[in-house]
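Colleague: Chain by chain, the residues run as shown.
There are 2 protein chains.
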Amino acid sequence: MRGAARRYGATVTVNETVTAEVHKLVPILGAMGIEVLEAERGRASCSLPPGPNVNHFGVTYAGSLFSAAEMLGGLVSLASFSLEGFVPIVKGLDITFRRPATTTVRAEAVLSEEEMARVEAEAVEQGKAEFRLDVELTDESGEVVARTTGVYQLRRV
Amino acid sequence: MRGAARRYGATVTVNETVTAEVHKLVPILGAMGIEVLEAERGRASCSLPPGPNVNHFGVTYAGSLFSAAEMLGGLVSLASFSLEGFVPIVKGLDITFRRPATTTVRAEAVLSEEEMARVEAEAVEQGKAEFRLDVELTDESGEVVARTTGVYQLRRV
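Chains V and C are the protein sequences, given in the same order. For the first sequence, the positions run 1 to 157 when the working numbering is used. For the second sequence, the positions run 1 to 157 when the working numbering is used.
Bear in mind the hints are in silico, worked out from the structure with no lab data behind them. Check before you lean on any hint, since a few could be wrong.
[Unchecked claim] Incomplete in silico selection of chain V near chain C, CB under 7 Å:
no., residue
1, ALA31
2, GLY51
3, HIS56
4, VAL59
5, GLU70
6, LEU78
7, PHE81
8, LEU83
9, LEU93
10, ASP94
11, ILE95
12, THR96
13, ARG99
14, SER141
Even glycine gets a Cβ: it sits at the ideal position worked out from N, Cα and C.
Generate the whole structure from the sequences, applying the supplied hints.
Modeller: Pasting the structure below:
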């Protein structure tokens, strides 16, 4: 998942190659301006700008925050699991909103080596494996604006 | 919440006036092509087309299904509660995906008279009141594609 990079503000680098791939796979994520920051084994993150997601009350719409968190399940799967012929599917997701988002938001998810090994072994053995992904969404000042817990399934197609 | 209506397929009527208002309030819902079908005291529904929401795998993206369900909390609040100076805020939402959505999806929410009376009384007395909203999302064949439970707060601004 390496690719061309672009500096984003002072400290954030956009992975333009993977971002373009994500926008091709799920066009509505492109309409939201979601950009991939990290996509490597065990770790994925993205950014969501206010821009097209701001509502009339001046805050980022809940569904866009959901999307930034949700897409990390697919992203971290594609970057982490080297199983041919398997796809990640979201089974459910629980989101809690903590404060209004008015700046660009960063969403980040991590999978441990232990958990990845379990998922890979179970997927090979049973043709499918579920995993849970916790995501924190923070604004530019580092405040948590929302938290999610998603349940995904890696499934043989 | 009455307004100009347009026939939608054989049996569904779009409320064009309220749809335009929603797209103005939350532009990204317009980008998804979400249209308001019903917005009356105790009942709200909307439709979500595949169109801009379809991903590369031929199914409607999870975040668009979330958005169709979530926005009903605001819509049913505006249509149900006649309290001046209060706004509905989403606190959290839990979504379960049951099957892929490949057609236009309809999302529908209902609030009972008893529940609306409780929310209104509590909001006036305490300046805020929480309520829960269950939404079912069905495809054109009537199959449930997803279910959500949202928690909203009606809050004095």
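Colleague: Broken hints, numbered, in rising order?
Modeller: 2, 4, 6, 7, 8, 13 and 14
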